[in-house]
Amino acid sequence: MAATIVEKVFSAKCGREISAGDVIMAPLDAAMIHDITGPLAVMKFREMGGERVFDPEKVIMLFDHQTPADSIAAAENHKMMREFAREQDIYNYDIQEGVCHQVALESGRVLPGDIVVGSDSHTCMYGAIGAFSTGIGSTDMGFSLRFGALYFRVPESIRANITGRFMPRTGPKDLILRIIGDIGADGATYMATEFTGETISSMHMAGRMTCCNMAIEMGGKAGIVPPDRTTWKWLEGKTDIKPFELKSDEEARYTAWKDYNVDDLVPQVAVPHNVDNVVDVDRVEGTHIDQVFIGSCTNGRFEDFAEAAEVLGERKFSPDVRVLVIPASRTEYLKILRAGLIERFVEAGALVEAPCCGPCMGGSFGLIASGETSLSTSNRNFRGRQGSAEGKVYLCSPATAAASAIAGEITDPREVRR
Amino acid sequence: MKVWKFGDDIDTDAIIPGRYLTLYDPKVLASHAFEGIRDDFSNECKEGDMIVANRNFGCGSSREHAPIALKGAGISAVIAKSFARIFYRNCVNTGLLPVVCPEADRISEEDEIVLHIDEGYLEAGGARYGIEPVPEFLQKIIDCGGLVEYANTIEEVKTCTE
Chain Y
49 MAATIVEKVF
59 SAKCGREISA
69 GDVIMAPLDA
79 AMIHDITGPL
89 AVMKFREMGG
99 ERVFDPEKVI
109 MLFDHQTPAD
119 SIAAAENHKM
129 MREFAREQDI
139 YNYDIQEGVC
149 HQVALESGRV
159 LPGDIVVGSD
169 SHTCMYGAIG
179 AFSTGIGSTD
189 MGFSLRFGAL
199 YFRVPESIRA
209 NITGRFMPRT
219 GPKDLILRII
229 GDIGADGATY
239 MATEFTGETI
249 SSMHMAGRMT
259 CCNMAIEMGG
269 KAGIVPPDRT
279 TWKWLEGKTD
289 IKPFELKSDE
299 EARYTAWKDY
309 NVDDLVPQVA
319 VPHNVDNVVD
329 VDRVEGTHID
339 QVFIGSCTNG
349 RFEDFAEAAE
359 VLGERKFSPD
369 VRVLVIPASR
379 TEYLKILRAG
389 LIERFVEAGA
399 LVEAPCCGPC
409 MGGSFGLIAS
419 GETSLSTSNR
429 NFRGRQGSAE
439 GKVYLCSPAT
449 AAASAIAGEI
459 TDPREVRR
Chain V
3 MKVWKFGDDI
13 DTDAIIPGRY
23 LTLYDPKVLA
33 SHAFEGIRDD
43 FSNECKEGDM
53 IVANRNFGCG
63 SSREHAPIAL
73 KGAGISAVIA
83 KSFARIFYRN
93 CVNTGLLPVV
103 CPEADRISEE
113 DEIVLHIDEG
123 YLEAGGARYG
133 IEPVPEFLQK
143 IIDCGGLVEY
153 ANTIEEVKTC
163 TE
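Chains Y and V are the protein sequences, given in the same order.
Be aware that the first sequence starts at 49, since it is given in the working numbering, and climbs by one per residue.
Be aware that the second sequence starts at 3, since it is given in the working numbering, and climbs by one per residue.
In case anyone wonders, no lab produced these hints; they're calculated from the structure.
Take the hints with a grain of salt, since some may be wrong.
[Claimed, not checked] A short list of chain Y residues far from chain V (calculated; beta carbon distances all over 12 Å):
| id | residue |
| --- | --- |
| 1 | M73 |
| 2 | D188 |
| 3 | R194 |
| 4 | R207 |
| 5 | A300 |
| 6 | R301 |
| 7 | W305 |
| 8 | D312 |
| 9 | E358 |
| 10 | K364 |
| 11 | T379 |
| 12 | A402 |
| 13 | R433 |
| 14 | G456 |
[As the list claims (entries may be wrong)] Incomplete in silico selection of chain V near chain Y, CB under 8 Å:
| id | residue |
| --- | --- |
| 15 | V30 |
| 16 | S33 |
| 17 | F139 |
| 18 | Q141 |
A quick note: this is a predicted structure, and the numbers were derived from the prediction, not measured.
Backbone N, C-alpha and C define an ideal beta-carbon position, used for all residues, glycine too.
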């Protein structure tokens, strides 16, 4: 029977035909745990009688949400996880590597066709390389660590077919915000969103990661892009496996087929307090901002900072805006460092922090006060997400973030002179 | 029992803010539930109270601290028109009952709710509303009282490859 890429991933793993709607106990190729949901997962693993994890090679552990430890409670969590890693022979990436999803992909331990879970909702990002990956809670993670398998209801898919060429200073983040605004915060609940089309084929991996990362913001279980030459090129040096074909059949069945053309797509902004509350940038131009955050697993890669730096040019950021620049990983940090971008951001007045989640989750530093507004390249603008519940968070692309940080108010990046 | 009514898209950041995720004690987490969003909740929620919400309850983060906080506050069931996927599963896994009721918006805070799970309906304010059955594979976990309890009944799992 004709199958979607997701059905093919599960079928290949199980050695028989698996279709959307099937409930199966699937073996796991990797399981990712970090500092805030990991400790609870470890406790649950033990409560389940767990003595040895199913396969230490398949456990990806690191700390990114509260790093370096910002409280004694965080330090205790890190200590507990380090001890678990030592006891279980798990390689621990600890605090220095960066944000979990970026590090997981860079590690080469997540590959096309894999089934991967992570105790973090944005685990859906690994679909960017053609893996089926999804976020789970800590008890499901405890079970995963214990048994190396988990119950899945194989999801139906929505096909998002993208055509056209982005206008200058618009890009993947504007596209995914546009799609979320269209499909809605629960429009893809339990489903996978498969991104295809000429725009995706010509998109760099960083952009594909941005799109898949935010599949959860539509309620989705996964986002996925069929692996192609760009994917295999990106994986060079990370794995020895040979490229293989993995894509949906022409006649595969989709719950919905959505066509988007990006030729006329203007910069998009998600306004408080829902990610699907998306408008064209002109609707919110002039909105005063107190803080700008460029970074996160959604937009913390070299391409994102290059996009911001191109808008910035030789200018300075507004002295009235606190600008936080936080690369998603040490690898990406080195890339932007070597390209001279760190120097440019610091000269312009930004505060550059070491790779971590930063203010995205509002659990560590860089929080906003009541009445303050944050403009952020991250993935969530829920009430209280980045600090005070009386604050506001807007989401945008790195280009829009840079243009706005210069002006001190939300600004269309296309209006900033080259 | 009291009914705590909520609207659409109640996210897990609202249920328990990110700054409390270093905590694990259900009672302590409960003291911060809906902080800054609905401050009377943590003070007044009692054992056996229920949450009634509209669409997409529990969207966002995978933090299991959210159902743990609600359970710690005494919530016995969360009734909603629909749930976000991860939260729903986290509820089942941690032994907090999630109830899908397509007409949940018709229930008011003054109603007394009686659940008839096996019969597929609930009573609220003198009216009957249908509730959707739990997927079969999750029912086993609910019957055990949670995933830890379920896991302790098995030695190993049989995967789809076998």
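Exercise for the section: Quick one: which hint numbers does this structure break? Sort them smallest to largest. Expected result: 1, 2, 3, 13, 15, 16 and 18
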